[in-house]
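Number of protein chains: 2
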Amino acid sequence: MSTQSRSEITRSNVIEKTIGLINTAGYTATSMDDIIKETGVKKGNLYFHFSSKEELVLKVLEKAREDYFTYLIKSLVFDSPLKNIESLLEAVFRFHKSRKFTGGCIFGNIILELSESNPRISSVASSALQEWIDLMTDLLSKGISLGEINLPLPAGTVAEHIVASMEGGIMLSRAKKSSRPLRDSMNTIYFMLGIKQSRA
Amino acid sequence: MSTQSRSEITRSNVIEKTIGLINTAGYTATSMDDIIKETGVKKGNLYFHFSSKEELVLKVLEKAREDYFTYLIKSLVFDSPLKNIESLLEAVFRFHKSRKFTGGCIFGNIILELSESNPRISSVASSALQEWIDLMTDLLSKGISLGEINLPLPAGTVAEHIVASMEGGIMLSRAKKSSRPLRDSMNTIYFMLGIKQSRA
Chain A
-14 MSTQSRSEIT RSNVIEKTIG LINTAGYTAT SMDDIIKETG VKKGNLYFHF SSKEELVLKV
46 LEKAREDYFT YLIKSLVFDS PLKNIESLLE AVFRFHKSRK FTGGCIFGNI ILELSESNPR
106 ISSVASSALQ EWIDLMTDLL SKGISLGEIN LPLPAGTVAE HIVASMEGGI MLSRAKKSSR
166 PLRDSMNTIY FMLGIKQSRA
Chain B
-14 MSTQSRSEIT RSNVIEKTIG LINTAGYTAT SMDDIIKETG VKKGNLYFHF SSKEELVLKV
46 LEKAREDYFT YLIKSLVFDS PLKNIESLLE AVFRFHKSRK FTGGCIFGNI ILELSESNPR
106 ISSVASSALQ EWIDLMTDLL SKGISLGEIN LPLPAGTVAE HIVASMEGGI MLSRAKKSSR
166 PLRDSMNTIY FMLGIKQSRA
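The listed protein sequences derive, respectively, from chains A and B.
The opening position of the first sequence corresponds to residue -14 in our numbering, with each subsequent residue numbered one higher.
The opening position of the second sequence corresponds to residue -14 in our numbering, with each subsequent residue numbered one higher.
Chain A extracted, bound-state conformation (with noise of 0.2 Å):
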């Protein structure tokens, strides 16, 4: 093994260990001495790749933004937008769900905590939010001009309230550790762009 993918190795450890640390105990709650417990990687280690808890945080916010649009474009498989749209919002809620509704969205969860405190990350945190909302307003322009979706308001309008609704369902099924607000949310969500599907 290489110096350079042993280096790799430690960085990816270390990014995905943060990420988990984050989203149960929050940014300020996490400090460089549990992500080295976390991890077993040595301080000077630790430090040599990362100056300081918040370069580590924006990495780590990167590799999250990097993951989770891989794993949502993957879902867009169909030639109907208003298809892709269902097929994306139901991989946001297995992801969830596969989670037992721990954790919540890390970019919701920064922009909670940090937004007056520390507006470099939480800027991050708010422009992965926003390439969702585009994403959405995307899919929807492409179903209206197809016919498919019958909407009065500008595709952005509804794309941002589907996101709000979606990171407040999130939040929601993760207080009551179940399911149902999330489910809900989007049933309300189909209902209103003509979706006929209603799942459990």
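Among these hints, one or two may not hold up.
What the hints assert, rightly or not - Here are the simulated SDA-like pairs of lysine to any residue, each with C-alpha atoms no more than 20 Å apart in a straight line:
| id | chain 1 | residue 1 | chain 2 | residue 2 |
| --- | --- | --- | --- | --- |
| 1 | A | Lys161 | B | Asn135 |
| 2 | A | Lys2 | B | Ser102 |
| 3 | B | Lys161 | A | Lys85 |
| 4 | B | Lys161 | A | Ile118 |
| 5 | A | Lys181 | B | Phe176 |
| 6 | A | Lys27 | A | Glu39 |
| 7 | B | Lys85 | A | Ala14 |
| 8 | A | Lys161 | B | Asn103 |
| 9 | B | Lys38 | A | Ala14 |
| 10 | B | Lys161 | A | Thr122 |
| 11 | A | Lys44 | A | Ser(-10) |
| 12 | B | Lys162 | A | Ser102 |
| 13 | B | Lys85 | A | Lys27 |
| 14 | A | Lys162 | B | Lys161 |
| 15 | B | Lys85 | A | Lys38 |
| 16 | B | Lys162 | A | Ser112 |
| 17 | B | Lys161 | A | Lys161 |
| 18 | A | Lys161 | B | Lys85 |
| 19 | A | Lys2 | A | Ile58 |
| 20 | A | Lys85 | A | Tyr53 |
| 21 | A | Lys38 | B | Ala14 |
No wet-lab data here; the hints were simulated from the structure.
Guided by the hints, dock chain B onto chain A, whose structure is given.
Relative to chain A, chain B alone:
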């Protein structure tokens, strides 16, 4: 001034200032020393009223819940349930706009920070949001039975969706320091319920 009322003033002052600290910095990052510094209350006096940070925050959430619901209920001045729904959502909008979308929703913030690490505190925040969902369910049910609202979904499902999209909209508006995300979310709710107004 009697000792009783001076004591009450100290409690109210501490509770008010703590809401502000928790909303901007979060529960974990706010120490009893921060609260002493912010309020000017002596340490012994603070611990006389509240035995620990946890006890204080439980009282803070109870007070925030009472104040917020008193404020929301005041907006329900119409005979029409549909008009009351609009009036209630506009009251939520004004509440956050007057704070320039800083701080967000204390119940949502607490849920996202403490769902896994402090279920005792987060369950109080969760039940405050449930109270909001129950109020919305009641208004929707009345609107449906009066024929003002025509939806093929149970009132509880739509209520959960509305509160989720408001909470998510508050979060996105906080991230962008702009009224647009929350207003977009509300305009989509209004369209869905058949409420004609669409404010800028």
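Structure-based check of each hint:
1. A:Lys161 - B:Asn135: violated (29 Å)
2. A:Lys2 - B:Ser102: holds (17 Å)
3. B:Lys161 - A:Lys85: violated (29 Å)
4. B:Lys161 - A:Ile118: Between Lys161 (chain B) and Ile118 (chain A) the Cα gap is close to 13 Å, so the pair holds against 20 Å.
5. A:Lys181 - B:Phe176: holds (19 Å)
6. A:Lys27 - A:Glu39: Holds - the C-alpha atoms of Glu39 (chain A) and Lys27 (chain A) are around 18 Å apart, at most 20 Å.
7. B:Lys85 - A:Ala14: violated (27 Å)
8. A:Lys161 - B:Asn103: Holds, at about 13 Å.
9. B:Lys38 - A:Ala14: Given pair Lys38 (chain B), Ala14 (chain A) holds - Cα atoms ~15 Å apart, limit 20 Å.
10. B:Lys161 - A:Thr122: holds (18 Å)
11. A:Lys44 - A:Ser(-10): holds (18 Å)
12. B:Lys162 - A:Ser102: Status holds; Cα separation ~14 Å.
13. B:Lys85 - A:Lys27: violated (44 Å)
14. A:Lys162 - B:Lys161: Cα-Cα ~29 Å, so violated.
15. B:Lys85 - A:Lys38: violated (29 Å)
16. B:Lys162 - A:Ser112: holds (13 Å)
17. B:Lys161 - A:Lys161: violated (28 Å)
18. A:Lys161 - B:Lys85: violated (29 Å)
19. A:Lys2 - A:Ile58: violated (24 Å)
20. A:Lys85 - A:Tyr53: holds (17 Å)
21. A:Lys38 - B:Ala14: The given pair, whose Cα atoms are some 15 Å apart, holds under the 20 Å limit.
Hints 1, 3, 7, 13, 14, 15, 17, 18 and 19, counting from the list given before, are not met by this structure.
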